[in-house]
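Since the structure of chain D is already known, use the hints to place chain X on it.
Line by line, the protein sequences give chains D and X. Using my numbering, the first residue of the first sequence is number 112, and each one after it goes up by one. Using my numbering, the first residue of the second sequence is number 24, and each one after it goes up by one.
Don't take each hint at face value.
Unchecked claim - Listed next, with one range per pair, are the computed distances between beta-carbon atoms:
hint : chain 1 : residue 1 : chain 2 : residue 2 : range
1    : X       : LEU83     : D       : ALA174    : 58 to 64 angstroms
2    : X       : VAL186    : D       : VAL367    : 55 to 61 angstroms
3    : D       : VAL367    : X       : LEU83     : 53 to 59 angstroms
4    : X       : LEU73     : D       : ASP396    : 37 to 43 angstroms
5    : X       : GLU136    : D       : ALA133    : 16 to 22 angstroms
6    : D       : ARG263    : X       : GLY146    : 35 to 41 angstroms
Calculated from the structure, these hints are not laboratory results. C-beta atoms are modelled at their ideal positions from N, C-alpha and C, and glycine is treated no differently.
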Amino acid sequence: MRAACSLLVVAAGCTEQLDDGAPWQPVEEMTGALAPEVGPAPAASAPAGCTLRVASWNVHFGADPDGLARAIAGSTEVARADVLFVQEIEAYPAEAGSRAARLAAALGMTWVYAPARVEGDGTHGIATLSRFPITAAAVRELPYFDQPLRPRERNALAVTVDAGAQPLQLVNVHLDVRLGPVDRIRQLDPAATDLDERAVLGGDFNSNPYAWAGSLVPLAETEAILGQDQARVLDDYMIARRFTSSISPEVTTMRVPIIGMRIDNLYARALPITASGIEYVDGSDHWPVWTDVALCAAAAY
Amino acid sequence: MRTAWVTSIAMGFALPASAEVRATASTHAQAPSRHLFYVEAFGKGGLYGLGYELAITPRLSLGAAGSFAVVREQQVLTLAPYVHATLVRGERNALFTDVGALFARSHIPSPVEGWDGMTDSGGGGFVSLGWERATRHLVLRASGSVVAGEGGVTPWAGFAIGVRP
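Isolated chain D (complex conformation) (with noise of 0.2 angstroms):
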């Protein structure tokens, strides 16, 4: 079927879901080879203020875990994170530890890594990583995809962080890259829905701008013509699930050459957005964004 596509590559019908993911899980309740790996509470976490700034970045594997540090302590705004969603982590047993493990006590944050796929001897997911306690995490498997070219397990991970008034939920995601708007849309909701009002949801969306012909050929003249963004696509869908964003769906935050595009973004839903941007950091192929939400006004947002 696979090769059958990657021949024929104006049938649109090569890309197949294979399932509708699985619900929350909570972490202690998770076994095996993708068990979650859960930090100790951070040594010394300042009280939050009324202002708490979440940052997201995929680290295209992160090999090197203290060169991140450097960067993010190196930088101007990501460096103030107080939550940081990271996408594309690795663990292997032949290293000194997790890859978010060694980034989260480099930078003096706890963290979960939840693994979503086997990785040669290793595994390969997300990782959240905090400065406050993290009091609940759960995981959810996303609905998956078959694909001619690299399909991939997919997974949310959802932490409650102990910070300011009322506890947090911040959802970290990595979705499909060749997808096209309506899967994308598919594949992100099961991550937007039954979570507490209050929430900050984001990730690597990679919400390139096609429409995709057998998840193979993007289809860049409709793109052209429309300016139909699948960035474009996720904002008016995360509207409808009340979160808003202010970053344009018109920037770009990976290095890409030619090719704009917003693939990594934070939403925030009954927590007002008082800052955001995107920074460029050396030491992956993706620029962090960061975004600050109110915590102070939330309550009577």
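Leaving out everything else, chain X in the frame of chain D:
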């Protein structure tokens, strides 16, 4: 303005020209039909489309191509009126250009509850440079285009096969 680009697909066409030549040798004096009907892939019509051209002079034609495709439930409708001009013509091969407008409408149906989906319409333009190989009744074309619209500018490639009845 965001610029997007896609890898073009190289494809070669070859016609069984010698047999066609023998079959049509006795009718070469007749002018070819002014009407051309064709199907195309990755051309003016998006993923695939149908087109028609009417020759108004030996080197100039008016045409239109349209398509409707459903790509993983996303419905894409396109219409492209254009002018086709032959720049250089040999016995069977020709270099041509197309210049025209492109109109498109895309509907993304909602796969989930609580979201209505999204519909966009827009317009733009394109200019193509292509190669044509033709017999009396059969026309094959390959072209490269630059397409510009609300979403930016992108290169594009198309392939067409048509008949002159």
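Hints, one by one, checked against the model:
The supplied range of 58 to 64 angstroms is met by LEU83(X) and ALA174(D), whose beta-carbon atoms lie about 59 angstroms from each other. In this structure, VAL186(X) and VAL367(D) break the distance hint of 55 to 61 angstroms, their C-beta atoms being roughly 41 angstroms apart. A hinted range of 53 to 59 angstroms is violated for the C-beta pair VAL367(D) and LEU83(X), which are about 40 angstroms apart. Judged by the Cβ atoms, the range 37 to 43 angstroms given for LEU73(X) and ASP396(D) holds: they are separated by roughly 41 angstroms.
A hinted range of 16 to 22 angstroms for the beta carbons of GLU136(X) and ALA133(D) is consistent with their spacing of about 19 angstroms. Between ARG263(D) and GLY146(X), the C-beta spacing of about 37 angstroms keeps the proposed range 35 to 41 angstroms intact.
Violated hints, listed in ascending order, are 2 and 3; each of the other numbered hints is respected by the structure.
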